[in-house]
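Visitor: Given the structure of chain A, go ahead and fit chain B onto it with the hints provided.
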Amino acid sequence: MSAPQPVLRTTPGELAESVAAGIRQGGRLAALVASGRDNGSHVLRAILATAGRLAVIESSLSPGVEVYPAVTALVPGATWYEREIHDLFGLVPRGHGRLDPLVLPLADGAARPRPGASGAPGAVDLAVAGLPGHVTGEGVFTIPYGPVRSGVFESVQYLVETVGEEIPHLRTRVYHKHRGIERRFQELGMDDAVLLAERVEGTASVAHALAFCQALEALAEVTVPRRAALVRVAHAELERIVTHLDSVIRHTEGAGQAVANARLSVHKERLLRLRARLCGHRFGRGVVVIGGVSGPPLIAPSEAVGVTTTLERALRADLDALMSTPSFLDRLRGTGVLPAEVAGADGAVGPVARGSGIDTDVRAERPYAAYQELGFVARIGSSDGDALERQRVRLDEIATSFELVRHALGTLDDRDGPWSAEAVLGAGTVVTSVEAPQGELLYLVESNGTALVRVKPRTASFQNLSLLSEAFRGDIFTDFVFIEASFGVSIAGVSL
Amino acid sequence: MPWVLRGLRDGIVTSGYPRRADGYGIGFRGAVRVLDPEPARTSGLPELCPTGAILVEPAEAPTVRIDRGRCILCGRCVGTRPDLFAFDPLVEVATSSRRALVVPETPEDDDEVLRIRVQLARRVRALRRSVHIRHVDAGSDGAEEAEIAALTGPIYDLERLGMFFTATPRHADVLVVTGTGTTGMADELRRTFEAMPDPKVVIACGTDATSGGLVGPSYSAGGGIWELVPVDVFVPGSPPSPFSLLHGLLLAVGLLPAARRSR
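Protein sequence lines, in the order shown, are assigned to chains A and B. Our numbering applies: residue 875 is where the first sequence begins, and numbers increase by one. Our numbering applies: residue 1336 is where the second sequence begins, and numbers increase by one.
Quick caveat, the hints were computed from the structure, so don't treat them as lab data. Note that beta-carbon positions come from the ideal geometry of N, C-alpha and C, so glycine has one too. There may be inaccurate statements among the hints.
[To be verified] Pairwise CB distance ranges (calculated):
#	chain 1	residue 1	chain 2	residue 2	range
1	A	Val1014	B	Glu1529	28 to 36 Å
2	B	Pro1534	A	Gly1180	20 to 28 Å
3	A	Leu1005	B	Glu1529	20 to 28 Å
4	B	Gly1379	A	Ser934	38 to 46 Å
5	B	Ala1394	A	Gly1063	23 to 31 Å
6	B	Ser1378	A	Pro1006	50 to 58 Å
7	B	Leu1343	A	Thr924	51 to 59 Å
8	A	Ala997	B	Glu1447	28 to 36 Å
9	A	Val1251	B	Glu1373	52 to 60 Å
10	B	Glu1562	A	Trp1293	35 to 43 Å
11	A	Ser1198	B	Ala1502	26 to 34 Å
12	A	His1043	B	Gly1379	54 to 62 Å
[Unchecked claim] Partial list, computed: chain A residues near chain B (C-beta under 10 Å):
#	residue
13	Arg1058
14	Ser1139
15	Gly1160
16	Ala1188
Okay, chain A solo, but in the shape it has when bound (with noise of 0.2 Å):
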């Protein structure tokens, strides 16, 4: 599969003039990831993409170094990450300007998860007393809405500070979900890990295994069965038409469209069993594994085919139905707007910067699995980058899945031969990335060829929360569930 990246190697003063270099030539700062030692050092890596790849850019810290020049400081788009860094590691990003707790509020001193080092950390208390929350100023107070909302929603909260009924600002606490999860992944050998991988983001449990299991393929340097990488490709696309499809729903619920709400619920419950017929599964668990997938589909492709074609039929009347009602339209018009040249600076992913034109899809720029053999082409939208554009981008990217699913299925042949290649853990460091319905999913997998010693899943989840607030100009509060349902995150995603 898809060999490691290249690694270029800097000191942790030079980090942040390396990454803005490599940016200045057309790259994209995708993920800023630390790993734990247990001798106390650290490893610093940032991931640029560009068009055809993915490269890293390594720097270390020595044992009793807390301090290093901010990346954030020449490029903006870390802010995220390096507030995660020093939550999880306790790193100080001298310069960062902005270092609130994000992911896992501790107190000054506390111990900290710190992934990559070996032994159980102990229980946290977590310190959010502490936490800045409340603007100060003539008639501006903050409403904090979540976690627990009003509904059936993950936990998040949002503050949202205002002078009445405009959101000129927004903050987003995420730590409430907080699992472990990047440690937990060190627990456990590489079959296991890819259930929890599975268990990372449920909504996008076939991205996810699909991710960390190329990881794993690179490592041991297996080509996956042609007909495993078909398979592969089908359970994908219809876990991004079932997630696309619950971001149109939600949207129909906030505009009160009462009967496409309910007609597009049957839809998506029929896609659901449809993925149950297909593989045991609802949402495409243990289609997966290392070197391939579990086994043929449970059913022929060939019926498989026949009811996709019935599904995509019945659904695409009504979303064209719906795509032609006013009232709905009125609510989506310019609500949101995330402009092309934040979108396109901060790093947006998935179907949130294709909404403001960015030309950016993991299944094009680095095709896997058997895109390039499908011939898949992504679709981009215009520059309007409001949460109608976004909606039009999920409504062409359903049409594109199912056409990939229909071909992806159709061209299974029923010779004989392995659904799976064998595997055994190598050894390395390695960042995949696939295109999950959410967007660009990277992981980063490092072994020592006994054991996983870090795996880091950057969401897209997480990179497109971090814009949200940007998409609240002058929108009111009840824009809210639209402009939140037209990102489409997955708050599990965001803090691990």
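Guide: Frame of chain A; chain B shown alone:
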């Protein structure tokens, strides 16, 4: 106007469950069953399971049991030892006793289940005709929320059963909790529970909420929400299917028809 006609297009799509069994259960992998509880060879069985759901005890007369409260339905045991384990097309997996999730059950378990059920039935007698539900996510992976949301759609349609999601804990009778019980949600979960009027019922939704699953316990995730609030009904699954959730809700408020009350 077009939406009115569109809404009538497919006729009735709503399930007849629980009055009738639903055909969707057929072929769906809802639970793992032990085919042979006393096999000749039991070595290596507990290690087979990534979440420790395979129990082999006691040492003198080993019996193989599955703890459905720990099982994440990955199917590794079914694939490796098809002589001992099989997927069961069973969606009615909810129980009112944590011990009864360990199958096959022992006679003592049956007694305990009966005792707990009688107590629960007495407590929820007043709720049956109108039940209001509050959901709290205490560290799920997000899939449980998707399945709970499906309950409000036309196919499962909770409201036909007199059940509604409510916007405030003050109006809630049933607390549905997902996730392992993370440190960051512990206070919020307790406060929601305390804000609910009596009588109240708590449902642990999913394997993570029941036992921590593959994720917990960790430095910030719990080993199930029973560590934080008293649980009345456990619905295992990763995530539990909507029918399993319906089963759990009906079991919680004593609305399950007698024929479906096997557990």
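Visitor: Determine for every hint whether it applies to the structure shown.
Guide: Status of each hint after checking the structure:
1. In this structure the hint that Val1014(A) and Glu1529(B) lie 28 to 36 Å apart at CB holds, the actual value being about 32 Å.
2. Distance hint check for Pro1534(B) and Gly1180(A): the Cβ-Cβ separation is about 50 Å, which falls outside the suggested range of 20 to 28 Å.
3. With their beta carbons about 23 Å apart, Leu1005(A) and Glu1529(B) fall inside the hinted range of 20 to 28 Å.
4. For the hinted restraint 38 to 46 Å between Gly1379(B) and Ser934(A), the CB-CB distance of approximately 42 Å keeps it satisfied.
5. Our hint of 23 to 31 Å for Ala1394(B) and Gly1063(A) holds, since their Cβ atoms are close to 26 Å apart.
6. A hinted range of 50 to 58 Å holds for the C-beta pair Ser1378(B) and Pro1006(A), which are about 57 Å apart.
7. Checking the proposed 51 to 59 Å range against Leu1343(B) and Thr924(A) shows it holds: the Cβ atoms sit about 53 Å from each other.
8. Evaluation of the 28 to 36 Å hint for Ala997(A) and Glu1447(B) yields a pass: the beta carbon distance comes to about 31 Å.
9. For the pair Val1251(A) and Glu1373(B), the supplied restraint of 52 to 60 Å holds, since their beta-carbon distance comes to about 59 Å.
10. For Glu1562(B) and Trp1293(A), the Cβ-Cβ distance of about 40 Å falls inside the hinted range of 35 to 43 Å, so the restraint holds.
11. Taking 26 to 34 Å as the suggested C-beta distance range, the pair Ser1198(A) and Ala1502(B) conforms, at roughly 32 Å.
12. Distance hint check: the CB atoms of His1043(A) and Gly1379(B) are about 58 Å apart, consistent with the given range 54 to 62 Å.
13. At about 6 Å, the closest approach between the beta carbon of Arg1058(A) and any beta carbon in chain B falls short of 10 Å, and the interface hint on this residue holds.
14. Nearest Cβ of chain B to the Cβ of Ser1139(A): about 3 Å, under the 10 Å cut. The hint holds.
15. The restraint placing Gly1160(A) at the interface with chain B holds, with a minimum CB-CB distance near 6 Å, inside the 10 Å limit.
16. Taking 10 Å as the C-beta cut-off, the interface hint given for Ala1188(A) holds, the closest approach to chain B being about 8 Å.
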